[in-house]
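Going down the list, the sequences are from chains E and Z.
Per our numbering, numbering of the first sequence is gapless, rising by one per residue and ending at 169.
Per our numbering, numbering of the second sequence is gapless, rising by one per residue and ending at 417.
Simulated from the structure, these hints should not be mistaken for lab results.
Honestly, I wouldn't trust all of these hints.
Residues from chain Z that face chain E, not an exhaustive set, calculated with beta carbons under 7 Å [unchecked claim]:
1. S12
2. T56
3. K70
4. G88
5. K106
6. S181
7. K182
Between beta-carbon pairs, the in silico distance windows are [what the hints assert, rightly or not]:
8. E:E168 to Z:E195: 45 to 55 Å
9. E:L52 to Z:D256: 34 to 44 Å
10. E:N44 to Z:S118: 42 to 52 Å
11. E:K85 to Z:R119: 25 to 35 Å
12. Z:D306 to E:T16: 28 to 38 Å
13. Z:G184 to E:V151: 20 to 30 Å
14. Z:I183 to E:E76: 32 to 42 Å
15. E:T16 to Z:S156: 30 to 40 Å
Short derived list, chain E residues pointing at chain Z, Cβ under 7 Å [to be verified]:
16. K13
17. V29
18. T32
19. M33
20. L87
21. M106
22. G109
23. S113
Cβ atoms here follow ideal geometry from the backbone N, Cα and C, with glycine treated the same way.
The residues making up each chain are set out below.
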Amino acid sequence: MNIDAAILADPNKRGTLILEILNYYVPEVMQTMAGLTVVPGGGNPSAPQPSLLKGVTGSIGLSGKVTGIVYTAFQENLAKVVAEKILGGEASDQDINDVVAELTNMITGNLKSQLCDMGYNCALSIPSVVRGEHISVSAKTASVSVRSDYVFDGGLGSLTLQVFATLEK
Amino acid sequence: MSAPKILSVDDSRMIHTLIGKGFNGYDVQLVFASNGQEGLEVAAREMPDVILLDVTMPVMDGIECLGKLKADPALKDIPVIMLTAEAGKENVLKIAKMGVRDYIVKPFSEAGIIDRVSRLVDLKPKGGVAAPTPPAAAAATVAPAAQASAPKKQKSVTEAIKVLIVEEYPAIIESITKAVSKIGWNVVGCASPAEALPHVAATVPPNDTPDVILISLAFPNKAALSFYASVRSNPQLKTVPVMGLCVKTATFEQNDAKETGFAGSITKPLDLVELPDRLVRAMNLDNTPLFYTSEGDVQILSIPQDFSDTGSVDLVRYSRPKLAGFVNAGYAKLIMDLSGVKKFEIPLLRAVASILSECNSLDIAWRIVGSDDDVSTLPTVLSTNQKVAALKDIPSPFQGKSSVDVFPTRAAAIGSF
Numbered sequence: 001m002n003i004d005a006a007i008l009a010d011p012n013k014r015g016t017l018i019l020e021i022l023n024y025y026v027p028e029v030m031q032t033m034a035g036l037t038v039v040p041g042g043g044n045p046s047a048p049q050p051s052l053l054k055g056v057t058g059s060i061g062l063s064g065k066v067t068g069i070v071y072t073a074f075q076e077n078l079a080k081v082v083a084e085k086i087l088g089g090e091a092s093d094q095d096i097n098d099v100v101a102e103l104t105n106m107i108t109g110n111l112k113s114q115l116c117d118m119g120y121n122c123a124l125s126i127p128s129v130v131r132g133e134h135i136s137v138s139a140k141t142a143s144v145s146v147r148s149d150y151v152f153d154g155g156l157g158s159l160t161l162q163v164f165a166t167l168e169k
Numbered sequence: 001m002s003a004p005k006i007l008s009v010d011d012s013r014m015i016h017t018l019i020g021k022g023f024n025g026y027d028v029q030l031v032f033a034s035n036g037q038e039g040l041e042v043a044a045r046e047m048p049d050v051i052l053l054d055v056t057m058p059v060m061d062g063i064e065c066l067g068k069l070k071a072d073p074a075l076k077d078i079p080v081i082m083l084t085a086e087a088g089k090e091n092v093l094k095i096a097k098m099g100v101r102d103y104i105v106k107p108f109s110e111a112g113i114i115d116r117v118s119r120l121v122d123l124k125p126k127g128g129v130a131a132p133t134p135p136a137a138a139a140a141t142v143a144p145a146a147q148a149s150a151p152k153k154q155k156s157v158t159e160a161i162k163v164l165i166v167e168e169y170p171a172i173i174e175s176i177t178k179a180v181s182k183i184g185w186n187v188v189g190c191a192s193p194a195e196a197l198p199h200v201a202a203t204v205p206p207n208d209t210p211d212v213i214l215i216s217l218a219f220p221n222k223a224a225l226s227f228y229a230s231v232r233s234n235p236q237l238k239t240v241p242v243m244g245l246c247v248k249t250a251t252f253e254q255n256d257a258k259e260t261g262f263a264g265s266i267t268k269p270l271d272l273v274e275l276p277d278r279l280v281r282a283m284n285l286d287n288t289p290l291f292y293t294s295e296g297d298v299q300i301l302s303i304p305q306d307f308s309d310t311g312s313v314d315l316v317r318y319s320r321p322k323l324a325g326f327v328n329a330g331y332a333k334l335i336m337d338l339s340g341v342k343k344f345e346i347p348l349l350r351a352v353a354s355i356l357s358e359c360n361s362l363d364i365a366w367r368i369v370g371s372d373d374d375v376s377t378l379p380t381v382l383s384t385n386q387k388v389a390a391l392k393d394i395p396s397p398f399q400g401k402s403s404v405d406v407f408p409t410r411a412a413a414i415g416s417f
């Protein structure tokens, strides 16, 4: 994808740019890895905090010129369907966690690549996965809070991404 | 020679499972490690032929592991393919400088991994034995093994080549069918990738699988690229060329297809003269059987009425070994039949001149067949004598010949030898 790096210089537009990157890579990752069609279902580049998530939720931290965290919250049934599509058979809870962690890694890795190419070098942490019906996340010092929903074709469910980030040149 | 050994170093069991599935139809030994430290130990013990190495891992990441592999005299020559979601320019430059052989960007397809690995080791399909399931993924039920068999045997251009066309518009399928049926090829048309999937399934007998595939790049959600992955997951179809169909302005789609591994794209509106020649080239087929025949000890080269640039270039390329083969077999006479040629344009002019020059250098006696009777009222149509006059502008085939006789029939030409 082609991103205008100058946009990142404008703090007010950083959320919009991150949302644009997510809207490009989330459908690509799901289509390539699981053969599932996903469309953006609404996003907020200045999302309020705290952000409420639920389901099987992967998270990866960013550190460097970008500090922050990316959450990917799959509805529980959706996480199972996605894992079974990718693995080609019955998926245990551990398999589902592993798939969610890896998909979070792919989405965050591509986000990181775009940011690095624009001069915001950062490193990724190892992904971790939590489950819950009421997961409240916030990062009061983050200058960017982006929340975006993605809808899977066939009524399989939805995925929510929440990104907290602070960018420093 | 033993099956190539592939080491996958990744902390994700999902990646190990996908690699296990991807190589299921191939005769390979798969070994797995879940971090860089473990990867170094397994590499030293197993001495794999290729290492697939993730970047972000606990204990020891892929970058550190790569550095240690390259610093170890016993392991430094093992080719490493990095498997990473972090494909930023800086990251790619960093790993390239460390001596990595290739890298695969996540998300990836199974076909993409097989393609990259097959550039480094000789992958051979195996017969029906399931590949080892990665130990860490034992709990997951892996999809049934593809019915593995040898890659499809390549046909000759004059055999009944099977063309699978996946295209939404019936008129396009009809046009292509008309163009390729002239040379005896068969077409299977499908309106969508879903409809075409049964034709590329591993269960299809080898004789029924397509020899070349054309798919529209306009299907939504990059369905053509997903279909490509399905084709490549069938070991029989590993080398079958897949070409895209699109309008000229669909440059992004064409680039995506090229990066995925398509053999090229054919743009609409279709050039129906060029199209069969593009397919012949994509299949890497010798096109001379379409044009050469023999009568007694004389070889006849009939240039058709419609002849594309692609076809003329390939005819010259394949004529060289063919003409040498004639001489080796004791033949030394060739008739170039130009009577069917209506438009004598520069590429064809060059092709004829090149073939005649080749004949001269091999001491093959040649004659030209045609007559002034083949002139129509159209101003662009040349008589054969005019074609010969045009050929004379290219000196090489006519060196040392004060005049070139043109014979009205093949029989007259054969009688003149």
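Hints the structure fails to honour:
3, 6, 7, 12, 13, 14, 15, 16
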